[in-house]
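2 protein chains.
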Amino acid sequence: MHILVIGGAGMVGRKLIERLARDGRLGGAPITRLTAHDVVPPKAPQAPFPIETRVSDLSVPGEATALVAERPDVIFHLAAIVSGEAEADFEKGYRINLDGTRDLFDAVRLMEGYAPRLVFTSSIAVFGAPFPDAIPDEYFHTPLTSYGAQKAIGELLLADYTRRGFFDGIGIRLPTICVRPGLPNKAASGFFSGIIREPLAGKEAVLPVSEDVMHWHASPRAAVGFLIHAATLDGGKVGPRRNLTMPGLAVTVGEQIEALRKVAGDKAVARIRREADPVIETIVSGWPRKFDAKRAIELGFKAEGSFEEIIRIHIEDELGGKIAD
Amino acid sequence: MHILVIGGAGMVGRKLIERLARDGRLGGAPITRLTAHDVVPPKAPQAPFPIETRVSDLSVPGEATALVAERPDVIFHLAAIVSGEAEADFEKGYRINLDGTRDLFDAVRLMEGYAPRLVFTSSIAVFGAPFPDAIPDEYFHTPLTSYGAQKAIGELLLADYTRRGFFDGIGIRLPTICVRPGLPNKAASGFFSGIIREPLAGKEAVLPVSEDVMHWHASPRAAVGFLIHAATLDGGKVGPRRNLTMPGLAVTVGEQIEALRKVAGDKAVARIRREADPVIETIVSGWPRKFDAKRAIELGFKAEGSFEEIIRIHIEDELGGKIAD
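Taken in sequence, the protein lines are chains A and B.
With positions in the first sequence counted from 1, the corresponding number in the working numbering is that position plus 1390.
With positions in the second sequence counted from 1, the corresponding number in the working numbering is that position plus 1390.
Isolated chain A (complex conformation):
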């Protein structure tokens, strides 16, 4: 089985490739080859199969065609300009997130007798406030960012191309990934991970919103699990509605902090410094808080059951099991 990962240098792409390298198989079939693509060089971990890395801009004419020319059996399309950049640079966002996605879909469409499983990462940014308490699977898409609009369009294309038989697509809307490893960043959502990751590493973290802010989380490990499940799921069970809100955990910032206290004690919690930021408060208030991800759960997608579990996964996967004193 040949697997193509587009967006292989991102955090989720990297973890997906590491997991595939560890497993050596996907859905019971041995992986014989993996191609990792991104605009910056993806890392190739030790694996029981060859990993080829490719660096290029997906939206350059001909690039998508070249990427699928060897007919990979499964394509993971994770590449995107992130929300903030797609908002700051309108044309770049549409070029990569819409045209790049459509180029890829068309490259697959135009190959005779080829209809691979194609897993597309969408986002809960397809939803725009105001929301009901828990957003149901049938709720409409009124994105409040260009990124969300581009992802919602990708979903529509994916469903139509799948209905036409050009490929066998599954779109998954990822929750906010928490705890996100790496350095603190400027993303408005950064604090959800920061208030856990930094204290566990013995560092101070800033909390810019009040403790009653609720949000929708899943661990990086769960996100990789969603991708693997989406790649191996029986498409017949999904039917024509190919885009799914992934399960997650709706917790308040206060509940996050209490989970941190249980796992790492008062000393860790004391490293969180409250510093209200009205700009971030406003941005976050427009975000979804909670979903009723019924269909995805019925189809076997699994997220964490508690925020303590999310913290323990971070400690296991990123900190070698050790918390700073």
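Hints listed in this document are in silico derivations from the structure and should not be mistaken for laboratory results.
One or more of the hints may lead you astray.
The list cannot tell twin chains apart, which means a pair is met if one copy fits it or any two copies do.
As the list claims (entries may be wrong) - 20 Å max Cα-Cα, derived SDA-like pairs, lysine to any residue:
id, residue 1, residue 2
1, Lys1680, Ala1524
2, Lys1684, Phe1530
3, Lys1712, Ala1654
4, Lys1482, Phe1556
Got chain A sorted already, so can you dock chain B onto it with the hints?
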């Protein structure tokens, strides 16, 4: 006020232009000029202002830019490849319905200091079965045709470009237009109009489905009313959710026939011949039947209150008030 009608040769476009010619004004402002565009020559009725007709393919590079170069104050974008053709010719459907629409939106975006009201006709084809009894405004879009996917994408672009301030868009999802004037056609929905129009003209009509089939209707006159209202509506009242399901009338075929009996008698009803067509039954069973078009009604859009009214409008507007004996 300069008005541009793209898709001016279609049935709704023609009736819109006739209405504007009669009114001489739009939203209280005198119309000084109208440009009617289509791929076939639009008709220019007598009007108190000059009407220019233009014939070209909107999706040809540069054409959209040329159309908006003179900065019309209001743009009606009604042009589309219809459902059946967009399904039969995948690339043509996407080229006209998606790329043509995006070209138009981008042409407006790229003009500095220009943000006209832009009215886009979407369709209830953005919805795909299964449905709740009455589809609410918040129901998601899972189209089962490429046409529906293209319209849903147009809606997302319209909302995002409006949010960005590139224009001031309103998207309206028209009900099935009934009674559609003209000759019987091969459209699967043709019989909804045929069973009224043909008997009123003294001709036989074929009914291919059972009398309990329910569908969502508005007259051509109501459709023109929706367009005019969308062009003059206060955008501030609409907010960021710019796409609206228009009101309509949910009636069964049996109720259509009883309305025909009340208006035109048993003799007209006797001209309907039942001839079941399982293919049409299947297509129609995937269509929306009924909506709860709450937002549009609150915003002042008005449809007919009874199917008899729809029939009487047809008799007035198309038959000069006279029914065949």
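ask   = With identical chains treated as interchangeable, where does the CA-CA distance between Lys1482 and Phe1556 reach 20 Å or less: within a copy, between copies, both, or neither?
value = between (27 Å within a copy, 16 Å between copies)
request  = Give the relationship of Lys1684 and Phe1530 under a CA distance limit of 20 Å: within one copy only, between copies only, both, or neither.
outcome  = both (16 Å within a copy, 15 Å between copies)
ask   = How would you label the pair Lys1680, Ala1524 (within, between, both, or neither) given a Cα cut-off of 20 Å?
value = Within one copy only: 5 Å inside, 25 Å across.
key: Up to 20 Å CA-CA - Ala1654 versus Lys1712, copy category   = within (10 Å within a copy, 85 Å between copies)
Consistency with the previously given hints is maintained throughout, with no hint failing.
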